Structures are given as structure tokens and as C-alpha cells.
Amino acid sequence: MFRNRLSRRNFLKKSSFGTLSGVLASAELIPSEKTSSLNHAALEDQISCAVIGFGQWGREISKAIHELEDTDLTVICDHFPLMLRRAKRDFPAVKTESDYQTVLADESITAVFVATPTHFHKDIVIASLKAGKHVYCEAPLAHTMEDARAIAQAARNAKGQIFQTGLLYRTEPQYRSVYGFVRSGALGKSSMTRSQWHYKDSWRRPSSSGARAEALNWRLDEKVSLGLVGEVGIQQIDTCMWLNEQLPVAVSGFGHVAFWRDGRTVPDTIQSVIEFPSGENMLFDATLVSGFDAEYDLYFGSDSTVILRDNKAWMFKEVDAPQLGWEVYARKDRFYKETGIALLANATKLDALGTDPTADDPNAKAPIWHAIKAFADNFNYGPFEPVVNYQIAYQATVVVIKANEAVKTGTKIVFKPEWFSIDG
Amino acid sequence: MATRFEIVMHGDDPVLLRSAGEEAIREINRIAARFSFYDPASELSRINRDAFDREVFIAGDLFELLKTCETCWKMTTGVFDPTIGPLMKLWGFGAKRTDIPSVNDIKMALEMTGWQHISLDPDKTSIRFKTNGVKIDLGGIAKGWALDEATILLREAGVTSALLHGGTSSIVGIGTPPRELAWTIGIEDPYEKVHTPKWFTTSDIVDSALSVSSIHGKSHEVDDIEYGHVLNPLTGMAVSGPYVSVVEADSAVIADALSTALLAGYRPKQSHLEQAHLKKALIQAEVHHKTDSGWKLIAAK
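Residue numbers (this note's numbering), protein chains in the order written: chain L, 1 to 424; chain F, 1 to 301.
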């Protein structure tokens with residue numbers, strides 16, 4: 001596998017893009033990034049990518065790979081023919097394959113994106129790394145500590161191969177901006193985090209075939225599912241671990257089937273308290289019963305509270321907090337009886353360009369787009385340690401595996417330090 | 001699409017029906033986000049922003065939809081045309097006005113209107129605009145497309161009896177309701193303020209789609225003439241009658257496109273019935289409601 005791909009073509013490509021963006025700034029409220037005029041298929045140094053698993057999320061990953069000019073969506077692999085028919089319709093030029101071993105044997109494939117159900121990750125990821133592929137694996141890494149450890153060990157041993165996981169907010173520009181903001185002490189003394197994920201949905205996938213329905217509904221199978229706290233909550237819990245720069249010391253959980261009484265045992269409503277050594281605990285709740293107020297994270301501090309939602313962020317100041325120089329000029333939004341100061345990732349840049357930071361951003365991209373862009377940049381300009389490497393992914397996976405145990409048993413689990421060690 | 005979608009399903013397994021309906025609604029929401037004319041980050045906005053400057057590569061299903069637009073544009077000899085963005089902006093149906101645009105302004109907007117300014121490359125699934133200022137607005141058919149996609153998912157999940165609609169104007173019937181021969185769709189009189197149990201007209205559908213278009217709603221009244229929000233892309237003028245059209249076809253996207261075109265002056269030839277899997281096309285014959293003399297059957301299989 002070749003690395004250090006800052007080729008002349010890539011260098012020129014990136015340079016001209018930067019110039020173009022600058023020139024366009026005066027023409028629109030917010031400068032629009034222009035898509036490449038180059039034919040995707042003609043680019044020599046595109047990363048040839050395979051997506052394994054074309055469910056709902058595999059489709060979004062495929063779309064992002066297709067949109068990026070650095071990546072070429074070459075193969076989509078799924079063992080259900082219906083999914084391959086859907087893949088062919090979405091991406092007519094892409095090859096489809098039902099056996100992932102065939103994909104791994106294809107030497108023209110450089111990178112593999114694993115978007116299968118969590119409990120299938122281990123075999124596919126380890127085989128992909130063994131085949132010399134760069135690997136992007138969805139989070140959580142696995143449904144058991146043993147599998148997660150095996151994946152992390154394989155990634156650690158695969159020198160010179162990129163291994164990145166789908167903990168999306170660590171590569172999302174708005175969240176990265178807030179990370180710097182929080183770490184600079186703008187919250188004052190941090191006190192706690194409260195996060196929620198609310199979505200009215202049965203979490204069940206339909207199929208006219210019984211066997212297929214069983215396979216599709218792995219998230220409702222308690223033998224392999226990490227439940228809401230693992231399959232959904234890992235994104236917000238990892239963000240809290242990242243912003244706090246701490247590993248938790250204990251986790252408590254509660255959960256029950258409140259509404260979807262269709263024979264399932266995996267709770268449709270859960271609460272979890274994740275304790276950090278500094279006492280800045282996180283309260284996370286998730287439900288499939290009510291969609292009210294959707295998804296957000298609140299980081300509370302003695303000077304201010306920050307809310308993150310829809311890839312946007314606002315700060316709410318306490319009356320006794322010191323005034324920050326820039327806040328006079330910042331955009332402010334009303335939230336019921338509170339006024340939030342918008343924290344915009346590129347506000348300074350936009351202001352310098354004489355543009356309006358309050359306008360909708362035509363360049364807005366989904367978090368998955370940024371995650372794959374980070375993967376591609378590592379390939380082209382690296383090697384460097386991925387922002388979301390095997391260690392970070394392993395630790396987050398351990399936390400949600402234990403959080404799910406706590407939810408299922410209604411108990412408190414104290415983390416043993418050796419659990420966070422890849423070598424056990 | 002900024003409209004409400006609803007699905008009614010019949011079957012023996014309520015758990016399956018619920019999950020099938022959820023999957024269908026998720027897909028509709030996904031399409032609404034991707035094809036939004038107003039969200040600057042949508043796939044459609046990316047095309048409108050970039051396609052004159054450079055070739056834009058798009059997903060296969062969006063390409064399929066644009067090819068359908070092209071087919072309908074050709075079939076209606078340009079009466080159905082999703083590039084009417086500049087004209088719609090000129091007429092400004094979002095606000096009330098007491099005049100109509102000047103001939104000169106209409107002429108300028110027409111220069112940026114017309115599918116002939118669009119170039120689609122099926123090998124690369126890409127699009128290019130030949131003229132600066134062209135904008136595609138899929139508002140006229142996105143509902144139908146979303147319903148067709150939702151219908152595919154419902155059928156794949158094993159649903160055999162369902163009714164789907166978007167904003168009550170685009171409708172798909174899968175199979176029939178229990179113990180009935182068809183889904184009977186009542187069409188309201190858009191000018192009737194008081195609800196009466198008597199429908200304007202009704203249409204029975206089985207495994208087919210129905211689209212109802214009307215000039216009423218967003219419109220301007222100038223000199224006692226109502227100019228509705230349906231435009232004739234060939235003349236640049238807003239339509240003032242007939243005021244309701246109904247099309248039944250195999251697919252909702254075709255029904256949507258042709259019901260709009262009917263109001264704007266398109267009259268299908270017999271050959272179009274086969275080409276577009278068209279089953280029936282009706283218009284309310286008279287311009288003014290007060291002198292209404294009933295429906296005119298334009299074409300039928």
C-alpha cells in the first residue's frame with residue numbers, strides 16, 4: 001500500500017480549490033464550494049473504495065464517498081440481493097458483490113468501509129486489514145469486549161494502514177470548534193453534561209421474509225444488540241468523553257419496554273449516568289417512544305452552558321460570567337426566555353470575508369461526509385494518527401458495552417482500568 | 001416539499017405494517033431533504049449552483065428522476081418544464097400583487113427557461129446547464145416521486161393494501177381496501193368554502209396513482225382574472241383556467257407532471273396513453289367556476 005499521496009495532481013487540485021473559494025466570496029452571502037469538474041473515474045489518485053453492508057447507514061456512507069472527489073465508490077457488497085438492487089439503482093456505475101471475501105481479494109480496492117451490523121464487524125475488519133486494505137469501521141467496534149479487543153489489536157498491528165472509526169463528531173467542524181471553546185475554559189467550572197436522543201420509531205425493519213426480518217432486526221436481539229445506549233448513544237457519550245478529556249469511572253443504567261410491546265426485550269427507553277473522576281457526570285437518555293425535542297447535548301458550567309444540536313452550537317451565559325470580547329458582535333438567537341450566542345465554526349473567517357454568518361450555509365455537509373474526508377486526507381497527505389483511532393474507538397466501545405449491561409441489569413458498574421487496555 | 005404525507009395500510013400483521021410505514025416515511029423525508037429547492041445544502045441546490053460552471057455528478061435515482069422530467073417535457077412539447085424557477089420568481093406567488101409582470105420581464109425570464117438548456121449524460125450520470133441562470137425546481141413532481149419510492153418499499157415489505165398521499169393532491173393506491181373493489185378518491189371543489197358531502201367528482205384507483213392540480217390557492221387576481229401558480233413555460237404566462245385537472249397513471253410522478261401540464265395547455269395524444277402508462281386525464285372544462293359546466297375527459301384508456 002502506498003502512502004504520502006500528496007502528488008502533484010493532488011497538490012494542484014487542493015491549491016486551485018482554495019483560490020476559487022476566495023474569489024467567489026464576494027459574489028454570495030456565504031461562499032459556495034464548487035464541485036470538481038474532473039470526471040470521478042478519470043482521477044488517477046482517487047481512493048478506490050468498497051462499502052460492505054448496504055443498509056440505511058451503508059447507503060449514507062456510499063453517498064458521501066460518491067460525492068467526495070478524493071474517493072471512488074467502486075464496489076458495494078451486501079449478501080441480500082434486494083440491497084444490491086437498491087445499490088445498483090442509487091449508483092449505476094458501481095459494481096455489486098455478495099461475498100466480502102471477493103471484495104478483499106480484489107487488489108484494485110484500496111479502502112474498505114464496514115457498515116454491517118455490529119456483531120459482524122470483527123471477522124470483516126480483521127480480514128480486511130489482513131488483506132492490506134485501509135479500513136473505516138462503523139461504531140461501536142463490536143458487541144463484546146473480546147471482539148472489540150481483537151479488532152483494536154489487529155488495527156494496532158496493521159502498520160502503515162489507516163484504521164478509522166465512525167465516531168462522527170470528532171471530525172465534524174462545528175464540534176471541533178466547540179471542543180476548542182470548551183477546553184479553553186469558556187464554560188467556567190464544568191459541572192455536568194445532559195444529552196438526549198428522542199425519536200418516535202419502532203426500530204424495527206420490515207421484510208416479507210421471516211428469516212430476512214430476523215437478520216434485519218438484529219438491534220432488537222438482545223444477544224447481539226448493544227441497545228439504544230450502544231447503537232445510538234455511543235456518538236454522544238464519546239463526544240462527552242472527548243470534551244471532558246477523561247475516561248469514566250462508573251456507569252449506572254435503567255431501561256424498560258415502555259411502548260413497543262411487540263415481544264421485544266431490548267428496552268425502548270433508557271437512562272444512563274456516566275460518572276467521570278472529576279465529578280462532571282453525564283446524564284444520557286434515549287427513547288423510541290417520543291420524538292419530543294429530538295437530539296441535543298448540554299454542557300453546563302459556572303460561566304456558561306453550551307448546547308449542541310443539528311451540528312450547530314449556542315452558548316448561554318450566566319449573569320455573573322465575565323464578558324468575552326467577541327460576544328458583542330456575535331449572532332444571538334432566542335430560545336424561549338433565554339438568549340443564546342451562536343458558536344459558528346467559521347464565523348471569524350466569514351466575518352473577515354465581509355459575509356453574513358447568519359445565513360444558511362450552502363456548504364453544510366453531513367458529519368459522515370467530514371468523517372470520510374478525514375479518512376481520505378489521511379490517505380492523501382498522511383500518514384498521521386487518525387483523529388478517531390482504534391484506541392479511542394475501543395474505549396468508547398467498552399463504555400457502551402458496560403452501559404448496556406447496566407441498563408439491562410439496572411445496576412451500577414465500576415470500570416476496571418484493565419478493561420480500557422487493549423491487551424487486557 | 002413542506003407537505004404532510006399519510007399512509008393507510010391494511011393487513012394481518014400490524015408490527016410489519018408499522019415498520020413498513022416507518023421505512024416509507026423515512027425515504028420520503030430523505031427525498032424531501034435531497035430535492036429541496038430552498039435548502040442551500042440540498043443535492044438539487046448543488047446542481048442549480050454549479051451545473052453551468054461544470055458537470056455535476058449525481059446519484060442514480062436523482063438522474064432517473066431528471067430523465068423522467070425530460071421524457072415528460074418532450075411528451076408535452078415543453079408544457080411541463082421544471083426549469084420555470086426564474087418565471088416563478090418573477091410572478092412571486094408567495095405574496096399578493098395587483099399587477100402582472102411586464103412583457104419584457106417575462107421575455108427575459110423565458111430566456112433562462114426550458115429543458116433544452118439541460119444536458120444529461122447517462123454514462124456518467126451527470127448534468128450540465130448550457131445557459132447561465134437556469135434553475136431546476138422539482139416542486140411539481142417531487143411529491144409524486146417520493147410516493148413512487150415509498151410504494152416500492154411498501155411492496156418490497158409485503159404490503160398489499162395501502163393508500164398513500166402527499167398533501168392530498170398526489171395519491172397512490174396499492175391493491176384495494178378490504179372488501180372493496182377500489183380506493184375511491186373524492187375530489188373537492190377548490191372554490192367551495194363550506195364542506196358538503198357531495199364530491200366535485202370521484203375517481204376509483206387500483207394499483208395506480210392519481211394527481212390533482214389546481215390553479216387555486218397561491219394565485220393573483222388582477223382585473224377579475226385569477227392567475228394561478230401554474231405557469232405555461234412556453235409563454236411565461238400564469239394559467240387562469242381550466243382550474244382543476246386530474247390524471248390517473250401507473251406512477252405518481254407521471255401523474256403529477258401531466259396534471260400540471262394539463263392546466264398549462266397540454267392535451268395528450270392517444271399514443272401518450274401507452275408511453276406514459278396513462279389511464280385517464282380530466283380537466284374541469286370551464287374557466288370560471290360560476291359558469292361551470294362539468295368535466296371534460298381529455299383522454300382515457
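Please keep in mind that the hints were generated in silico from the structure rather than gathered at the bench. Don't take each hint at face value.
Stated by the list, open to error - Selected chain L positions facing chain F (in silico; Cβ < 8 Å):
1. PRO92
2. ARG205
3. ASP262
Being a predicted model, the structure only gives us computed values, none of them experimental. We treat Cβ as the ideally placed atom computed from N, Cα and C, and that holds for glycine.
Status of each hint after checking the structure:
no. : hint   : in the structure
1   : PRO92  : 4 Å, holds
2   : ARG205 : 6 Å, holds
3   : ASP262 : 5 Å, holds
When held up to the earlier numbered hints, the structure conflicts with none and fits them all.
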